[in-house]
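Q: If you want the building blocks of each chain, they are given just below.
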Amino acid sequence: MKTDSRSVLIAILSAAAAGALFGIGLGIAGMSRPTKIQAFLDVTGAWDPSLALVMVGAIGVHSLAVIAAKRRERTALGGIFHWPKPAAVDKALLIGSAVFGIGWGLGGFCPGPALLGAAAGNATAIIFVVAMVAGMIARHTSARREAARTAGTS
Amino acid sequence: MESFTPISSLVGGALIGLAASILLLFHGRVAGVAGILGETLRGDGTRGEGVFRAAFLAGLVVAGIALRVVYPAAFGAAGSSSATGIAFVAIAGVLVGYGTRLGSGCTSGHGVCGLSRLSKRSIAATLTFMAAGGVTVFVVRHVLGVGQ
Numbered sequence: 003m004k005t006d007s008r009s010v011l012i013a014i015l016s017a018a019a020a021g022a023l024f025g026i027g028l029g030i031a032g033m034s035r036p037t038k039i040q041a042f043l044d045v046t047g048a049w050d051p052s053l054a055l056v057m058v059g060a061i062g063v064h065s066l067a068v069i070a071a072k073r074r075e076r077t078a079l080g081g082i083f084h085w086p087k088p089a090a091v092d093k094a095l096l097i098g099s100a101v102f103g104i105g106w107g108l109g110g111f112c113p114g115p116a117l118l119g120a121a122a123g124n125a126t127a128i129i130f131v132v133a134m135v136a137g138m139i140a141r142h143t144s145a146r147r148e149a150a151r152t153a154g155t156s
Numbered sequence: 084m085e086s087f088t089p090i091s092s093l094v095g096g097a098l099i100g101l102a103a104s105i106l107l108l109f110h111g112r113v114a115g116v117a118g119i120l121g122e123t124l125r126g127d128g129t130r131g132e133g134v135f136r137a138a139f140l141a142g143l144v145v146a147g148i149a150l151r152v153v154y155p156a157a158f159g160a161a162g163s164s165s166a167t168g169i170a171f172v173a174i175a176g177v178l179v180g181y182g183t184r185l186g187s188g189c190t191s192g193h194g195v196c197g198l199s200r201l202s203k204r205s206i207a208a209t210l211t212f213m214a215a216g217g218v219t220v221f222v223v224r225h226v227l228g229v230g231q
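Taken in sequence, the protein lines are chains A and B.
Count the first sequence with our numbering and you get residues 3 to 156, in order.
Count the second sequence with our numbering and you get residues 84 to 231, in order.
Take the hints with a grain of salt, since some may be wrong.
In silico PhoX-like links for lysine-lysine, alpha-carbon gap of 25 Å or less [said to hold, decoys possible]:
#1 K203(B) x K93(A)
#2 K203(B) x K87(A)
#3 K72(A) x K93(A)
Simulated from the structure, these hints should not be mistaken for lab results.
Computed from a predicted model, the values in this text were never measured in an experiment.
From just these sequences and the hints, can you work out the full model?
A: Below is the structure:
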């Protein structure tokens, strides 16, 4: 199965290249400096609007990929597109995003830059990532409990 | 004090968009770091999906190590890695982990990928976390006077 192992290799290398490119982009953009994130969020203080331009650059490029992808049935590797299912704006989305925003403002890290900083050996980022993983596991546990409760009452 | 860096932020943003585009066009996946990490922790999906997520995270880790060598300023000056203290950092981490999983995404999943699709949920999420982050920094810096 020569072609098969080759496509597996392309899949792994392209995902790794995307991860590396993503990380380098975060670093160049200034996203991995907590003080820069907090300066962006500090609208009434010494405001640094740079991160708005990170969004402009990222969305400018990625929206073209979205247009290209919507015209295709299959990915470049022959797989399907896993588009998020359309859903309503609900309480979990808004509460979760608000909780995330509070943590983002407090620590100056979102998940990607935190992992990048931890990999670089930054002590603050390592502490943040350990706490973030604990927070994720806490949510997975509470989601499982909610699902069990719903199943029990129906 | 942080200065305005329009060029590097635009270029860095474009690279982030390119990385997200590779994931979409080759893998049909949304480049949401919170989702990729969360699903890895939970061990969701097939073996192939697990390998894909591990490869992406490995690339991100390699980028972190490489940046430390060639561009350490990406992580700020030594001793100023955060304007706030260690206790804040740990609380912040828990909130970011819990919040991104409850809210189905973070700055990359909602802020970049979702906004590029004009997803209504992602627009609502992005406005919410930006506003919450802004209020938090306002309270910490200008009401409590921490980190100034």
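Q: Next step is simple, just say for each hint if it's right about the structure.
A: Evaluation of the provided hints:
no., hint, result
1, K203(B) x K93(A), "holds, 14 Å"
2, K203(B) x K87(A), "holds, 12 Å"
3, K72(A) x K93(A), "violated, 29 Å"
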